[in-house]
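I would like the entire structure built from these sequences, with the hints used as guidance.
Just so you know, the sequences run in chain order A and B. Residue numbers 712 to 1210, in the numbering used here, belong to the letters of the first sequence in order. Residue numbers 49 to 505, in the numbering used here, belong to the letters of the second sequence in order.
Honestly, the hints are just simulated from the structure, not real lab data. No experiment lies behind these values; they were computed from the predicted model shown. C-beta atoms are modelled at their ideal positions from N, C-alpha and C, and glycine is treated no differently. Among the clues, some could well be false.
Cβ-Cβ distance ranges computed for the label pairs, FRET-style [what the hints assert, rightly or not]:
hint : chain 1 : residue 1 : chain 2 : residue 2 : range
1    : A       : 1140      : B       : 284       : 35 to 41 Å
2    : B       : 283       : A       : 1178      : 40 to 46 Å
3    : B       : 279       : A       : 721       : 46 to 52 Å
4    : B       : 85        : A       : 931       : 17 to 23 Å
Chain residues, written in single-letter form:
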Amino acid sequence: MSHLFNHNGAENTGYSQPAPLSSDAEPVVPKGLIRKASARWPRLSEPEMVRHYTWLSKRNFGIDTGFYPLGSCTMKHNPRVNEVIAQLPGIADIHPHQPEHHLQGLLSIFYEMQHMLEVCAGMDQVTLQPVAGAQGEFTAVRCIQEYFRLRGEDQRTKVIVPDSAHGTNPASAAMSGFEIVEIPSLEDGRMDLEALAAVADETTAAMMITNPNTLGLFEADIKAASEIVHQAGGQMYYDGANFNAILGITSPGLMGFDAVHFNLHKTFSQPHGGGGPGSGPIGVKAHLAPFLPGPLAARRVPTADELAQTVDEHWYHWEQPEHSIGKVQQWHGNAGAVIRCWAYYRRYGSGLKTMSEHAVLNANYLRHAIHREAKKAGVDHLFVDGAETDVAKHEFTLSMQPAKDALGVSAMDVAKGLLDRGYMAPTVYFPLVVPECMMIEPTETESKDTLDTFAEHFAQVLKTEPEALHEAPITTPVRRVDEVYAARNLCLRHPYDDA
Amino acid sequence: MVDQLPNRGRESEMLQEMGLQSMEDLFSDIPSDVRFKGALPLPGPQSEEEILHDARRLLGSNTAMGSRPSFLGAGLYRNYVPASVFQLVTRGEFLTAYTPYQPEVSQGMLQAMWEFQTLISELVGLPIANLSLYDGSTAAAEALTCAVRVHNRKASQPDTVYVSALTPPDKLSVMQNYCQGAEIDIRFIAHKEDGSLDLEALKAAAGSCGVYLEQPNPLGVLDEGLTTVKEIIGSNTALIVGVQPVSLGVVEAPGHYGADIVVGEGQPLGSPVTGGGPLYGIFACTKPYLRLMPGRIVGRSIDVDGKEAYCLTLSTREQHIRRHRATSNICTNETLIALMGAMHMALLGPDGLRDLAHRNMMACQKAKEVLSETPGVRVVHDAHHFNEFAIEVQGSAADCLAYLDSNGIIGGLDLGRWYEGTTNQILVTATDQTTLLEIEALSAQLAMWSSHSGVNA
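Printed below as a string of structure tokens:
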């Protein structure tokens, strides 16, 4: 083990600094504010620091390490040129409050990204300010709230959410002050139009739904759902977590949605970074545009004075929407993430549809290969599809309930068995509507060979003795971690000696 | 795009094996009335080289702060991030991992975040820290809603919080958006002539759920009065202090003068300014807030062999478990930027942090000293400052800044953007990156401006 807090060289610091500006004078801190005891941080030289974090990195699994079929998370390859671009001083060393003529390049990229997302989503206006998917949801719900307030429809206090929705949907709506109405899914995992019609009324502000849904199924009735909600006077909100399945094929706009968020860290390859940063732009139809957080990137014909500083035939500037809800992040959102995703988008351009086609091809192929290999190995009776369907979209679910019943092997056991074979495990126990669920999303950046080999390994895991599987993983840096122990014996920081 | 799609050219082979004829068959479940007709109206694909070329051209047309004397800060601070931080943080095992839901293969990031929690906890003087929120503004906003959750039942002013009247409007706007859903009333506490908090006025906040103040305050003033705030507002009102983390190398940790929650913009430790994001929000608190706080937390545990191991803990507060009753909707946070922060902190050590704080403080003191002797310039607050201070100039701040800009200097923030009645004030920021030559250039140009505008007036 390498422990950061065990490093305590007498004088060590990891980098030396230049002398202060006036080395003769002492800094003046008000007497009562002088720090008495310094933070008990470790003392490391640069080589010690580099080795510590390199050691940690080797105990971490990323897409670069191996296949990462984590359903709902779209773990596609992160192109490296995007990282090079994000380090350029023209993004790394700019301040959001610099004047517009200092930021024409940034503004033009923001404008291009807004436009691209508008085209792909069938929306009229996009803002890039929200910094994560959940914040995008919150932002859009706030816009809908203010839209109804301005119309004097204050009685619209409820948001409808299917029971298979991501947890962020109800959490974001509740944060805005809405009451949550949860509707059950049908037996086959699809949306229940009758249940929706029964709850949609003059108190409905919005319905939040993702399509394809969390089972990886396209909701063919989506237009009918939009009509029901619109007839009741409510708004349709599209959770863009599963956007990777449909880019260039259909759009939230075509399905009748009024607002949508994008997870740039899923669909547009912003690296997940072990839990962020993300970027969660939202797009809306024209009637909601005046409520967006500002400022937005806009453009016009340049004046004579401006011509010398333009990057193309336009002058780019910030614009404040008329009834803006204000800000959800203090600056312009995660500009660095937007730049990376711009570089990613440029690689496909009008060919983004090919990306989605391959994501769906790979998901369906993997589903097929898993069934094929399981049959060969004689373990195909140990799981069933999470939902009956001819074709899945970018992800699919399996229920390990038969394995649980026959052998006492749970979805978690299978997940841990996969870790031992060098894979990241699929998402487990979500969505809740599938018992012993495994949710698998290969993404478009995995080769057929990788998918075939994974399918073989999946079958082999199911052939493993149940006792051995309960013991898995055994090859990982640590074995099963006791989460109950962690919660009962809270240790949230290095205890030093005062524990 | 071919370089991103390993199965280009193998489509029919794969389809055939599934018993399908064409790619179209994969989308047979999508009704034709919701289909795009034709291709997306976007330009065609580009190669990596072409993209890099365009990126260099477009981003190169932006004015990088480092290309000229720059005195713009106002919440984000130019800094030096050591090279090893960038080298290590782009290791694919960190960069391309998801949130550590499978702890057995995520020990690296989990331990790094547990160490981050410790570094922040020590820095701010509070026992608990989460592993980051989006930025300083959302951290402050989440602190307010957290304070209400904790104190509302006993508060004599329920659903009410107080914030410094100097809170920058963009940050305040974030607070208002986060607070409006719970119908929380945000009231203001005034500051005195010298920039310090009006402790008399503060008495009104006693019995509310929480008070949000910054140290240094938004105008750079170090306010000794904050050490007495907890006494005035009492134990049933949360004291929330927003910090510039580097300042804590020389300035007392708020946890040591009664803060219940400390938040802040983590950027100066570990991250470039990056156009205002991605950044990371610091959130630390005392024990009574633990179970109602927002964000992810790592705990140290053991594996089945009794070996030290780390995992996410206290997840029952979070949206994926508690759904609409969660303490926050946050899911994706800013882990990788927090990791950069941890690496920077690990490199600095306690002495390095003190040195870094000294350099920021001395640059600010030097700038203040020089500008206070510059004709036509008045330093607004007679106080101790960290990083920045307000000056009054001849004529309007906007015109003055435009003049400085035309002479190759980014002069600071027009305080007319923040407050009413301060259209002739500029917030001037100096950091460890500021040089004496730059300060002298600013002074010379301000003197020129004063003489010009004197002539014009």
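Original post:
Can you name, in rising order, the numbers of the hints this structure does not satisfy?
Top reply: Checked against the structure, the hints that fail are numbers 2, 3, while the rest are satisfied.
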